[in-house]
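Q: Protein sequence lines, in the order shown, are assigned to chains A and B.
To convert, count from 1 in the first sequence and add 11; that's the working numbering.
To convert, count from 1 in the second sequence and add 11; that's the working numbering.
Note that these hints are calculated values from the structure, not bench results.
Hints may be right or wrong, so weigh each one.
Identical chains share a label here; the pair holds if one copy fits it or two copies do between them.
No more than 20 Å apart at the CA atoms, straight line, and that leaves these computed lysine-lysine pairs for PhoX-like [to be verified]:
no.	residue 1	residue 2
1	K57	K245
2	K57	K178
3	K97	K76
Number of protein chains: 2
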Amino acid sequence: MLNLGGPRSVDEVGSYLERMFLDCELIPLPFQERLGRFIARRRTPKIQAKYARIGGGSPIYEWTKRQGEAMAQLLDQLSPETAPHKSYIAFRYAEPLTEEALMQMRADGVRRAVAFTQYPQWSCSTTGASLNELWRELIRLNLRDAFEWSVIDRWPAHQAFVEAMAKKVCEGLDQFAPAERSSVLLLFSAHSLPLSVIERGDAYPQEVAATVQAVMERLNFSNEFLLAYQSDIKPFKWLGPSTEQVIRNLGARKRKNVMVVPIAFTSDHIETLHEIDIEYAELAHEAGIANFKRAPALNDDPLFVRALAEIVAEHLRVGRLHSSQYKLRCPGCENAMCRSLLNPAKAALQARAVV
Amino acid sequence: MLNLGGPRSVDEVGSYLERMFLDCELIPLPFQERLGRFIARRRTPKIQAKYARIGGGSPIYEWTKRQGEAMAQLLDQLSPETAPHKSYIAFRYAEPLTEEALMQMRADGVRRAVAFTQYPQWSCSTTGASLNELWRELIRLNLRDAFEWSVIDRWPAHQAFVEAMAKKVCEGLDQFAPAERSSVLLLFSAHSLPLSVIERGDAYPQEVAATVQAVMERLNFSNEFLLAYQSDIKPFKWLGPSTEQVIRNLGARKRKNVMVVPIAFTSDHIETLHEIDIEYAELAHEAGIANFKRAPALNDDPLFVRALAEIVAEHLRVGRLHSSQYKLRCPGCENAMCRSLLNPAKAALQARAVV
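For reference, chain A alone in the conformation it holds in the complex (with noise of 0.2 Å):
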């Protein structure tokens, strides 16, 4: 299970951002080495205060164990032909790392192993540089045959994951009083990207606008709703509309009912408990929206967990090695690593001759 993680102390902070900020196939900076480290050092003491305030830590650790956990018990019901199955964890930014989980894998014997990015939309700057760092890992720590791999690369309209996410949606509805539901504004908000990622070619607005259309037909359309991208980093120029901006514009429209939708992660972590439920909060506060809510996040909700469970079943059953664009370069690449695949399962090479 591929994802960025987070900090699970206060004390992770600062290793945490520097592995961020080192990423270049994150955040590409001049002097990667030395400019990554400053600025990671200047940040970590408002990011340490930030995780003060939201219990100490991400939760993202948590959450996806048990994600983890709950999937691989159902996929042996589901999948009984490739049972046992189990999950590993693999973070980007925060332990447990790529390293920790290929060890643990080797050590427990597996021969036969599934990426599947926890991103449901594709980009080339979460799932990517997991993608990246798990083929690089794999030859520094001489695995190259140890495992044979397949990739679930997105899931952006998976119909059981938009099920799942419509059924927060409404949870996140029963928050308004009754009469004001059908008011509610629902603002899907997804992480943004650079514009010179979205000049590269990057399928991540695409993916993000097809979730968003496939929840909202799922709802029957039952609300008003936007979408739009949060936390940028200045000086850069990032994909719009901001989420700030919007609550600011929505507050100066007298609208008195918005739901945020958090709609490229699916558990609780910084940008959720402290960025929409704290800062944003605070900012729709003070343009005069009476009621701003968050809908809750998928983390352990059984019917994400079964969508999870679901996406990899389907993912052996057909014996595909990824989706159909996995192997699509984006048209202004320039990174020759991307969208590798070490040592591919011949099992699903197999089935693919079948089909």
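Got chain A sorted already, so can you dock chain B onto it with the hints?
A: The following block gives chain B in isolation, referenced to the frame of chain A:
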């Protein structure tokens, strides 16, 4: 049937461009009157040359006329209880303009009218500008109470439209040798928008992406695909990735088979016949793309005509005044007349009360 329209002869290019550059809802300019006229005059000879090369004018009037007549005929069968139906064309920048349509409607004794955008995906720059012009003209011509209105303001993922689009992709793929077909990259291309419009909160990129996703799902993801945006005008910053740049990059990546799929217009016009078929084809040739093709436009395809008729029939049957998104002004909107609806159809209001 609302659309931008196009000059039917080279002589009409000047007035067409002038209307376009005087429309502050499409292209807001400082000193709109003077600067708009100046830019239009300066561009006229260049654009005239382009129209000369595609047969002396835009075919959009002919296609829209045929679509409308066939649609109205089919509607009489699909929805006999609302028959007879008749289609009128209201172009924003070329004849027949809105005034002409309204005058003809009055002369024909029309009472109930559906403002039907021919842009599948909403943008304030396209459908929004056309509708605002409609409401303005109704007031100016003293026809405020002459017709009862409802609006079909978007249909980005309507199943019949998606099916027609998927058919055109398949027809387009037939231009490639059978052995090459599966390796064709589908380059969906939509007209771009200035980033300022995106940041205001325009729904366009979300809806265009939704169409792309729906078409690819219908095609069972048979081919690799990308979404890009064409026809940006310097010096503003527009939404990317740019179709032009993507073609260049695909050439550099040694891609041999590329097919552009126009996804935001339903008829052939200068952006397909000249920009894609001539300009981009030359560019692709220079970039080394051996087989560069375009999917045919929907034009008078019977499946598309059926889609148009079904969209209207459903609209009349459900009795809605507009989509659930129409009344949601962009969060950053500064145009107070946006999302108006003059003299709403009582039949639709009653149906709504019953549903």
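Q: Which numbered hints does this structure break?
A: Going through the list in order, the structure violates hint 2 alone and respects the others.
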